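Dock chain B against chain A, hints included.
Number of protein chains: 2
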Amino acid sequence: MNSTASTDELPSSTAPLAGVRVVEVSSFVAAPLCGMTLAALGADVIRIDPIGGAADYKRWPLTGDGESIYWANLNKGKRSFAADFRDPNAHKLIRDLIIDAGIVVTNAAGRAWLDYDELAAIRPDLIHVQVLGRADGTGAVDYTVNAAAGFPQVTGPENLDGPVNHVLPAWDVACGLYAALSVASAVYRREITGAGTKIVLPLEDVAFATVGNLGYIAEAQLGLTGRGRVGNAVYGTYGADFAASDGARFMIVALTPRHFRDLTELTGTTAAVAAVEAALGADFRDEGERYKHRAVLNGLFAPWFGTRTGAEVEAALDGTSILHERYRSFAELAADPRVTGNPMFQELEQPRIGTYSAASTPMSFDGVHPAVRPAPANGDDTADVLVEHLGLTDDEVDALAAAGTVRINEKDRA
Amino acid sequence: MNSTASTDELPSSTAPLAGVRVVEVSSFVAAPLCGMTLAALGADVIRIDPIGGAADYKRWPLTGDGESIYWANLNKGKRSFAADFRDPNAHKLIRDLIIDAGIVVTNAAGRAWLDYDELAAIRPDLIHVQVLGRADGTGAVDYTVNAAAGFPQVTGPENLDGPVNHVLPAWDVACGLYAALSVASAVYRREITGAGTKIVLPLEDVAFATVGNLGYIAEAQLGLTGRGRVGNAVYGTYGADFAASDGARFMIVALTPRHFRDLTELTGTTAAVAAVEAALGADFRDEGERYKHRAVLNGLFAPWFGTRTGAEVEAALDGTSILHERYRSFAELAADPRVTGNPMFQELEQPRIGTYSAASTPMSFDGVHPAVRPAPANGDDTADVLVEHLGLTDDEVDALAAAGTVRINEKDRA
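Order-wise, the sequence lines are chains A and B.
The opening residue of the first sequence carries number 7 in the numbering used here; numbering runs sequentially from there.
The opening residue of the second sequence carries number 7 in the numbering used here; numbering runs sequentially from there.
Isolated chain A (complex conformation) (with noise of 0.2 Å):
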């Protein structure tokens, strides 16, 4: 019998965590991810929002009636609580909800409803988990993180004067799985032992840690010059985009010999590279010298590539060893096999929205991915929740609808 969990449900194969229940009272990324990563697990994951949503419920991408397709894609799978944050009664309400779960993710702050040392006072084993932007609490997001943390000025082509920012918001995702992992270990533990864990989580040391983990903060303060801009070259190693007769572009990694072997031949260049091997006394089997050398291989590989269509280029290269992939748009993406022949999509019916592929978890169970379920619509479990969870008849659930404590959807009514 599961000591801790929630419910009797028990784990499965490609629902590791059933039988753990979350509350997320969270917004944007970071925590909703974590949430989603939990349900897709098998947790029951309730999402606890203001009436009408919290300040992502409309974030852009949207549909041409207004519905956000970044929510969607953010919270499917889990339950939805409305309630009014302003209200006592609320909060009352959603104290009692985290002390039935035992485990609450945020990324909220400043609340005194959730905060750890109330709750852990009545529920002593709570798994409490606080994102933050910074560890001091001061408000931070990825992009601003990500100004702090190095790479702008490091991304983008060698000639370019000024910082790039990345688009795919990276630690948020990071943050995110990092919070779900504390949550599993958190779990773990309070299994065998009984303890809970209070948790917090700044975005910004999510990226710091990241960054010493790739050795960018050891290098510098061991005093070694550090990796500058350097285009789409990959450092150390031999790594480079080309352009193919009609537009198309590739990105080529050499890791190995074995790859660098299989990029001459192909290329035709195994000669002039040898020749240019000897007379820079380098030797191309190491990586760091085909990465020392690379403006000179570049200038060697691109002919080959520039002659060729892509299609041509791809064929080539598939019947090689040598890592390659063309450059893509996200729209190519959604029509790619890679994507609609791929088990780890499944076609879903987002209400409100529409029918797109829809992503489980990138890893699979026992060969299965775990079934994706949609996102909800803000409110649309909180009389479920309320009347299984909390034990509440449906006249004080209608009672606390009408006083404007908490929005119930009128699917819900019997």
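Heads up, some of the hints might be wrong.
Computed list of chain A residues with no C-beta within reach of chain B, every gap over 12 Å [said to hold, decoys possible]:
1) ARG85
2) PRO169
3) ALA185
4) ARG195
5) GLU197
6) ASP324
7) PRO368
8) ASP390
9) ASP404
10) THR411
With a straight-line Cα cutoff of 30 Å, these simulated DSS-like cross-link-like pairs (lysine-lysine) come out [what the hints assert, rightly or not]:
11) LYS204/A x LYS98/A
12) LYS64/B x LYS98/B
13) LYS204/B x LYS98/B
14) LYS298/B x LYS64/A
15) LYS64/B x LYS298/A
16) LYS98/A x LYS64/A
The hints are simulated quantities; they were obtained by calculation from the structure and are not laboratory data.
On a predicted model such as this, the values are computed, not experimentally measured, just so you know.
We put the beta carbon where it would ideally sit given N, CA and C, even for glycine.
Positioned in the frame of chain A, the structure of chain B alone reads:
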């Protein structure tokens, strides 16, 4: 008592995965980051490499003595077991270690001695995580996956022709975290039900799932106009970078009406912005409208920044709610109190390299970050692992080393 744990060690606050043992047969970023993160959470992680190291053992950046700073920062806190991967006797030892641990994480491909079916036949509750490049087993690395994922075409200056790669291997980082989450979830499940899991995790699917989760796939499949290249702006809200008079640059994000109001007041442009708003028939309380008219707003705000030094700008911004950050280089970050005074970073004496700030986990547990431990050298723990986990005698260990089947290090001799 831990029913499925490998040791008697009980989980604790900063070691929620204590008692869990993981064998890691890995190289590069994703799988090593997975193992390192699990080790940071208290798991006993044994990284198994060829004698002399795998392909990443000497990856740049290197110290003047040829030690890899890259490897040291991606393999903190692990134990190192070194064996001859061509020797069937080594395969048997590795298999025995995996069976003993009950968990293996690998990005190695095509090695029979890592095959799930063979291992699970011996230990049916095995947790086996296979990281791949692509789901079909073909090779891919972060830089090629990113080309397929659409981001290079929308990253970088608006007037640029051609793709802009990420320097940050964001997909490797996310993959490593999804892998760690998979292990933690599977261990939780096994603790309750006794069942193991076979997990497959393609790097490409990590990227494609994220592209889906951020709404790009749905947007394209629903026939909506996609998101194009917008330089350092932030789609759907107000974000921009500005230069101060001394060349310092700042990233500014006004996500909420409050942020935006603070921004117009700070820059003395409240009246001008209101006049523009009225003339355009816009409503800048709506972040989508701020995004739409960002060029005008950028032009109104820029002079305030351009007539002040970076220090003046920073001091003024700090007194507001505006989300902001000064762009820094890695070197500036490494010297900044947000690293040197950050409890997440700990001064680590890394053998063979030196002393520097090394990152613990970005999350703290009950106010504490797990203690950071150095990365091992190739084969540092081979002897201990053989004796402690497989019950070999010292003579048997010596014989294996003499035969070249394993590498042991002199420090291990009693």
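To see whether the hints hold, each was checked on the structure:
1. The claim that ARG85/A lies off the interface holds: its Cβ sits roughly 18 Å from the closest Cβ of chain B, which is beyond the 12 Å cut-off.
2. The beta carbon of PRO169/A sits about 5 Å from the closest Cβ of chain B, which is not more than 12 Å, so the claim that it is off the interface is violated.
3. Listed as outside the interface, ALA185/A is inconsistent with that label: its C-beta sits roughly 8 Å from the nearest C-beta of chain B, within the 12 Å cut-off.
4. Against chain B, the non-interface label of ARG195/A is violated: not every CB pair exceeds 12 Å, the least being about 4 Å.
5. Here GLU197/A does not stay apart from chain B, with its beta-carbon only about 6 Å from theirs, under the 12 Å limit.
6. Residue placement check: ASP324/A does not keep its beta carbon more than 12 Å from all beta carbons of chain B (closest about 9 Å).
7. Chain B draws PRO368/A into its interface by the beta-carbon criterion, the shortest separation being 4 Å against a cut-off of 12 Å.
8. At roughly 26 Å, the least C-beta separation between ASP390/A and chain B is larger than 12 Å, which holds for a residue marked as non-interface.
9. At the 12 Å boundary, the C-beta of ASP404/A stays outside the reach of chain B, the nearest C-beta of that chain being 34 Å off.
10. Non-interface status of THR411/A relative to chain B is upheld: no Cβ of that chain comes within 12 Å, the nearest being about 25 Å off.
11. The straight-line distance between the Cα atoms of LYS204/A and LYS98/A is roughly 21 Å, inside the 30 Å bound, and the hint therefore holds.
12. Note on LYS64/B and LYS98/B: the hinted pairing holds, with a Cα-Cα distance of about 27 Å set against a maximum of 30 Å.
13. Distance check on the hinted pair: LYS204/B and LYS98/B sit about 21 Å apart at the alpha-carbon level, within 30 Å; holds.
14. In summary, the hint linking LYS298/B to LYS64/A is supported, as the alpha carbons are separated by about 15 Å, within the 30 Å threshold.
15. Between LYS64/B and LYS298/A the alpha-carbon distance is near 15 Å, which keeps this suggested pair within the 30 Å criterion.
16. For the given pair, LYS98/A sits about 27 Å from LYS64/A by alpha-carbon distance, which is consistent with the 30 Å threshold.
Of the hints listed earlier, those the structure fails to meet are numbers 2, 3, 4, 5, 6, 7, in rising order.
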